[in-house]
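S.K.: One letter stands for each residue in the lines below.
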Amino acid sequence: MSADIVIVGVNHRTAPVDVREQLALANGKLDDAYRDLIDPGPLQEAVVVSTCNRVEVVAYADDPQAAAERIVDFLATQNGLPRERFDAHLYRYRGREAVQHLFRVAASLDSMVIGEPQILGQLKEFYARAATVGAVRTVLHRCFHKSFSVAKRIRTETGIAAKAVSVSSAAVELARNIFDRLEDKTAMLIGAGEMSELAARHLLASGIGTMIVTNRTFDRAVELAREFRGTPVPYEHFPRYLPMADIVIGSTAAPTHVLTPALINEALHERKQRPMFLVDVSVPRAFDPAINKIDNVYLYDIDDLADVSEDNLAERQREAAKAELIVEAEVNSFWHWLSGLDVVPTIVALREKVETIRRRELDKTFSTMKDLSPRQREGLEALTAAIVNKILHAPIKHLKRHDPQSESFVIDAARQLFDLEEPEDKESK
Amino acid sequence: MELILLPLVLALYLAATVGFVTHLLTGREQLRRLALWVLAAAFALDAAAIVARSLASGAPAITSFHDQLSLFAWLTVGIYLWLQRRYPLTVLGSLVSPMAFLFVLSAYVFYSGNRDFTRSPNNLWLPAHIAPAFLGYAILAVAFCISLAYLLQEQQLKAKRKSGLRQRLPSLETLDELNFRFVTWGFALFTIGIITGSALAKQRWGAFWSWEPVQLWSLVTWLLYAILLHTRLTGWRGRRAATLTIVGFALLVVSFLSVNLLSAGRHSAVG
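Just so you know, the sequences run in chain order A and B.
For the first sequence, this note's numbering begins at 22 and goes up steadily by one.
For the second sequence, this note's numbering begins at 53 and goes up steadily by one.
Just so you know, these hints were derived from the structure itself, not from any lab.
There's no promise every hint is true.
Restraint-style ranges between C-beta atoms, simulated for each label pair [claimed, not checked]:
#, chain 1, residue 1, chain 2, residue 2, range
1, B, Ser-310, A, Leu-225, 34 to 44 Å
2, B, Gln-82, A, Asp-240, 49 to 59 Å
3, B, Thr-78, A, Pro-138, 32 to 42 Å
4, B, Tyr-139, A, Asp-324, 28 to 38 Å
5, A, Leu-346, B, Gln-219, 31 to 41 Å
6, B, Ala-278, A, Glu-248, 28 to 38 Å
7, B, Glu-229, A, Asp-53, 17 to 27 Å
8, B, Gln-207, A, Arg-250, 34 to 44 Å
No farther apart than 30 Å at their CA atoms in a straight line, the calculated lysine-lysine pairs in the DSS-like style are these [as the list claims (entries may be wrong)]:
#, chain 1, residue 1, chain 2, residue 2
9, A, Lys-293, B, Lys-212
10, A, Lys-167, A, Lys-50
11, A, Lys-374, A, Lys-173
12, A, Lys-418, A, Lys-167
13, A, Lys-374, A, Lys-343
14, B, Lys-214, A, Lys-343
15, A, Lys-293, B, Lys-254
16, A, Lys-411, A, Lys-391
17, B, Lys-212, A, Lys-314
18, A, Lys-314, B, Lys-210
19, A, Lys-314, B, Lys-214
20, A, Lys-411, A, Lys-374
21, A, Lys-50, A, Lys-173
22, A, Lys-391, A, Lys-374
23, A, Lys-167, A, Lys-421
Okay, the calculated bits of chain B under chain A, using three or more residues with CB under 8 Å as the criterion [what the hints assert, rightly or not]:
#, segment
24, 202-212
25, 286-297
Every residue, glycine too, gets a C-beta built ideally from N, C-alpha and C.
Just chain A, with the same shape it has in the complex (with noise of 0.2 Å):
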């Protein structure tokens, strides 16, 4: 059993957002969790990274199988959860896969928007956090920092990020052609995501008056509420609050539609027809398509605003293409160093096992024959030292070679041959 990085969690694609809120951590109350998750074993470091569309635990561990066992415990026990209720929602990553996955979020490319900029700021705080606790050493610090970098590559080398901004900015362009100003204008934000942040910063960003925040989770509320300067209402009573929205922006991921006909019909007969503009970046669709029919309406999703805006889909998916490579090489390349890390110190060990031996029989040796000269101990000296070559010569060209397929057969053949120790804590280096 070889140590490795895993990854346990769940993301927008495989949980329901009921799921997810119930598993998400906030970052500034996970300090005493990281003991929970790393003291015990087997996990020698972790970080912890939730946000509205993912909760997963990047980790690195000598036995991969135990520490996706012992995450997905510390995932039931830190929201006091039974297993049952997310364990068929989860995903596992390992080794190359784990860290192709981790590339992908930090280049949004797993986003429900790609490309939009928020994930990587969100990744960085969480590794921020795992650090100042000790909980990340060299292999997740080095995994972490690369796919950051990797991450800024596909921002300034593609035209990824374009798409995320252009669909929120075309909003907000949406929004003017509705509305004169919007000073005296109010929007609403129906859960949260990447996107309907996105959406809501551009907005307060353009002057937008007041902010009404609700959320399923209504500690969440408060929170976004908190940061876009806005109100907080409970869930349950939305609907009451809706007629002052002259904005809506939904992103929820409930099963049925938060918005119908109906309710907007309400709505609009207490705001005397004023219009409505309603932005659902929620995928799939939070609010009935329907409701675009009424009169003072204007309903736009996810597509619509892609549509609306002027870059095109052709472009983005050949961008999405082009990003995949980068991740695809980068991978590739932190995937080589990693395999050097246990490499080298096999080759060390081995290189150590057999000096060790050489010298023991060659003291062994000098301490019976005495009368040797100086010259012929250095005679002796350099034939032990080139048998020795000679025999380890081949074993560490093998180890060498980095080739992916057979690597960790052929370091744990040569430890078990050559009966080396197993590396000490290599995180400590």
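Following the hints, complete the assembly by docking chain B onto the known chain A.
M.R.: Then chain B, alone, in the frame of chain A:
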């Protein structure tokens, strides 16, 4: 003299129309500015034509059909030029210019020469009737253009069109608020026109109200605008308000044309 000026005015209105519409479709900024200057020139020249006709007949050129058509166009363009200085509404020029063109074209077609005014007694009620009524009509004409722009913008937003035309049109809120303000002012002046008109009728024909076609049409149109303003207070805004404004203006034009062209009533300005 006035017949030399009118074709020139017509050509300028047409040029402004082409400029504005091309700007609206392509977004070329120089065209918008150019069209605005051309429209302003047309406005000045139209004023000169009205003055020339008034000088030729010795009285304000406001009573014959072609005079009224030309006055209507001139006032509408004037109100628009004033409006666009205060609001980002240059795009409305692409609706106002062709309308002015059509009215001046009709004036040219129906030109019936100078009128001999010695028959009519010099009467204060006549300008007191015509001035507010025509100013009201012109304001309602601009409200009509604003409503057309509203429907166009609404359609762009509902159909989720790419930006472009949508970005050059004013916001729905701007158009809706202006529409309300213009209909209110237009309606007020229209009401004054009806009151002074009935005073004029009393003086000329001995009765305030005589069920003349123009009076009836005006009453119907007046009622429609009254309903529009009333329902607005109860929440009829946006598309419905715009549609009613358009219907109201259509009634206005129909009554103005039919009374002048078809009816043989005493009110008729022709002949």
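S.K.: So, for every hint listed, does it hold in this structure?
M.R.: Going through the hints against the structure:
Distance hint for B:Ser-310 and A:Leu-225: a CB-CB separation of about 55 Å, inconsistent with the stated range 34 to 44 Å. Between B:Gln-82 and A:Asp-240 the beta carbon distance is about 56 Å. The supplied range of 49 to 59 Å therefore holds. For the pair B:Thr-78 and A:Pro-138, the supplied restraint of 32 to 42 Å holds, since their beta-carbon distance comes to about 34 Å. Roughly 34 Å separates the CB atoms of B:Tyr-139 and A:Asp-324, a value that falls within the hinted 28 to 38 Å.
The hinted range of 31 to 41 Å is satisfied by A:Leu-346 and B:Gln-219, whose Cβ atoms lie roughly 36 Å apart. Judged by the Cβ atoms, the range 28 to 38 Å given for B:Ala-278 and A:Glu-248 is violated: they are separated by roughly 50 Å. A C-beta distance of roughly 57 Å is found between B:Glu-229 and A:Asp-53, which places it outside the suggested range of 17 to 27 Å. Between B:Gln-207 and A:Arg-250 the Cβ separation comes to about 36 Å, which falls inside the hinted range of 34 to 44 Å.
Taking the CA atoms of A:Lys-293 and B:Lys-212, the gap is near 24 Å; set against the 30 Å cutoff, the hint holds. The straight-line distance between the Cα atoms of A:Lys-167 and A:Lys-50 is roughly 26 Å, inside the 30 Å bound, and the hint therefore holds. With a CA separation close to 44 Å, the supplied pair A:Lys-374 and A:Lys-173 exceeds the 30 Å bound. Of the pairs offered as hints, the one joining A:Lys-418 and A:Lys-167 holds, with about 28 Å between alpha carbons and a cut-off of 30 Å not exceeded.
Only pairs whose Cα atoms come within 30 Å are accepted, and A:Lys-374 paired with A:Lys-343 is rejected, the gap being roughly 47 Å. For the given pair, B:Lys-214 sits about 26 Å from A:Lys-343 by alpha-carbon distance, which is consistent with the 30 Å threshold. Straight-line distance between C-alpha atoms of A:Lys-293 and B:Lys-254 comes to about 43 Å, which puts the hinted pair past the 30 Å bound. At most 30 Å may separate the alpha-carbon atoms for a hinted pair to count; A:Lys-411 and A:Lys-391 meet this at roughly 28 Å.
With a C-alpha separation of about 12 Å, the suggested pairing of B:Lys-212 with A:Lys-314 holds against the 30 Å cut-off. Of the pairs offered as hints, the one joining A:Lys-314 and B:Lys-210 holds, with about 8 Å between alpha carbons and a cut-off of 30 Å not exceeded. Pair hint A:Lys-314 plus B:Lys-214 holds up; C-alpha atoms about 19 Å apart against a cutoff of 30 Å. In summary, the hint linking A:Lys-411 to A:Lys-374 is supported, as the alpha carbons are separated by about 15 Å, within the 30 Å threshold.
In summary, the hint linking A:Lys-50 to A:Lys-173 is supported, as the alpha carbons are separated by about 28 Å, within the 30 Å threshold. Among the hinted pairs, A:Lys-391 with A:Lys-374 is consistent with the structure: their alpha-carbon atoms are about 26 Å apart, no more than 30 Å. With a CA separation close to 23 Å, the supplied pair A:Lys-167 and A:Lys-421 stays within the 30 Å bound. With 5 residues bearing a CB less than 8 Å from a CB of chain A, the segment 202-212 of chain B meets the requirement of three and the coverage assertion stands.
Beta-carbon proximity to chain A at under 8 Å applies to 7 residues in the segment 286-297 of chain B; the threshold of 3 is reached and the given coverage holds.
In this structure, the hints that do not hold are numbers 1, 6, 7, 11, 13, 15, in rising order.
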